[in-house]
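Q: Take the given structure of chain A and dock chain B to it, following the hints.
Read top to bottom, the protein sequences are chains A and B.
Read in order, the letters of the first sequence are residues 298 to 465 in the working numbering.
Read in order, the letters of the second sequence are residues 34 to 201 in the working numbering.
Hints in this document: simulated from the structure, not taken from any laboratory.
A hint or two may mislead.
EDC-like mimics (lysine to aspartate or glutamate), calculated; alpha carbons at most 16 Å apart, straight line [what the hints assert, rightly or not]:
1. Lys57/B <-> Asp144/B
2. Lys429/A <-> Glu44/B
3. Lys57/B <-> Glu140/B
4. Lys57/B <-> Glu444/A
5. Lys429/A <-> Glu42/B
6. Lys57/B <-> Glu179/B
7. Lys426/A <-> Asp377/A
Partner residues aside, some chain A positions facing chain B, computed with beta carbon under 10 Å [to be verified]:
8. Thr346
9. Asp421
10. Trp436
If you're wondering where the values come from, they're calculated on a predicted model, not measured in any experiment.
A virtual CB, placed ideally from N, CA and C, is assigned to each residue, including glycine.
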Amino acid sequence: MTRDDRPGAGEGWDERSLLLTMLRYTQQTAVAKVSGLSQELARTTPLPTSPRMSPANVLNHLRWVERSWVQERLLGGDDDGPWTKENPDAEFDEGSVLPLDEVIRLYEEEAARTRAVFAEHDLDAVMAKATKSPITARWILLHLIEETARHNGHLDIMREMADGSVGD
Amino acid sequence: MPIRNRPSEGESWGERSLLLTMLKFTQDVAAWKVRGLTEEQARTAPLRTSPLTSPANIVNHLRWVERSWIEDDILGRDSHRPRSRPDADFEEGSALPLDEVIRLYEEGAADTRAFFADADLDAPTAVQPPDAPTTVRWVLLHLIEETARHNGHLDILREMADGEVGNY
Numbered sequence: 298m299t300r301d302d303r304p305g306a307g308e309g310w311d312e313r314s315l316l317l318t319m320l321r322y323t324q325q326t327a328v329a330k331v332s333g334l335s336q337e338l339a340r341t342t343p344l345p346t347s348p349r350m351s352p353a354n355v356l357n358h359l360r361w362v363e364r365s366w367v368q369e370r371l372l373g374g375d376d377d378g379p380w381t382k383e384n385p386d387a388e389f390d391e392g393s394v395l396p397l398d399e400v401i402r403l404y405e406e407e408a409a410r411t412r413a414v415f416a417e418h419d420l421d422a423v424m425a426k427a428t429k430s431p432i433t434a435r436w437i438l439l440h441l442i443e444e445t446a447r448h449n450g451h452l453d454i455m456r457e458m459a460d461g462s463v464g465d
Numbered sequence: 034m035p036i037r038n039r040p041s042e043g044e045s046w047g048e049r050s051l052l053l054t055m056l057k058f059t060q061d062v063a064a065w066k067v068r069g070l071t072e073e074q075a076r077t078a079p080l081r082t083s084p085l086t087s088p089a090n091i092v093n094h095l096r097w098v099e100r101s102w103i104e105d106d107i108l109g110r111d112s113h114r115p116r117s118r119p120d121a122d123f124e125e126g127s128a129l130p131l132d133e134v135i136r137l138y139e140e141g142a143a144d145t146r147a148f149f150a151d152a153d154l155d156a157p158t159a160v161q162p163p164d165a166p167t168t169v170r171w172v173l174l175h176l177i178e179e180t181a182r183h184n185g186h187l188d189i190l191r192e193m194a195d196g197e198v199g200n201y
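Isolated chain A (complex conformation) (with noise of 0.2 Å):
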């Protein structure tokens, strides 16, 4: 499949098309930057400062992310995370555990199933959760856009720095 962040022949360039086309251009862009490293290279935490990143546990933490702002706020859902008060990074920690094709592919079944809701959901609705703020689905898109696009950086350099790969 190609990446692209720009909709295909036949797709729409109104603003939910364009939308969602930059959310997936994002999340291919996460799970490209994880493929095909080893369990030891995605386990690696290069940053002596930061023992929790590792491309792995970046890209478990974005699907906890996703899952977080959309299935618990927007919709109202459980929060089914692994965090606790006691280690409210677990979803980082979590990327470890699993074996890095397993963090990928639920990563990708998180990912479709946050375009699925974009795809249908009011762009204007008030996230069920209530806050201080009106926060609403075009807001939360739109964060996930660039909380993803700013992790792609990170995973940019730790890949880089695994094996030499780089790229947009």
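A: Structure of chain B alone, referenced to chain A:
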């Protein structure tokens, strides 16, 4: 002024307002990530395989990315982006003092936001790739994605330079 990724009290949560807020967030993060580095740290490229990837060079590249999308692609004029070599816009970041790199970036970033505040988001760009009817809305979304991804690079470069970390 605090860096924010949501509209302030009283600001709109409409499409354009959210896009502009998210763009400004990524721009503010980029400037914040390089501010406070010494001249030497800002010019250090710690990845042996990417000798142009230094904090100052990335911010300078981001300045030209914005100018180039708006002037060259959307308006069909000439941004005068340095093109003597493929990555000349990166290299320029090491020739200018860091303060100047930041000043020019922030000046350009404000111009970019002013442009998108009034632009017709559905308008086609003056320069069109052969198979994709690119619109102003796509360019704005792309700038958010590209700046966010480079912010991921800056996150790690900053951490390697002086140990500073943080989302915003």
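Q: For every hint, state whether the structure bears it out.
A: Consistency of the hints with the structure:
1. Lys57/B <-> Asp144/B: Answer holds: Lys57/B to Asp144/B is near 11 Å, not above 16 Å.
2. Lys429/A <-> Glu44/B: holds (14 Å)
3. Lys57/B <-> Glu140/B: Satisfied, since the Cα-Cα distance of roughly 12 Å is no more than 16 Å.
4. Lys57/B <-> Glu444/A: Satisfied, since the Cα-Cα distance of roughly 14 Å is no more than 16 Å.
5. Lys429/A <-> Glu42/B: Judged against 16 Å, a Cα distance of about 11 Å means the pair holds.
6. Lys57/B <-> Glu179/B: holds (13 Å)
7. Lys426/A <-> Asp377/A: holds (15 Å)
8. Thr346: holds (5 Å)
9. Asp421: holds (8 Å)
10. Trp436: holds (6 Å)
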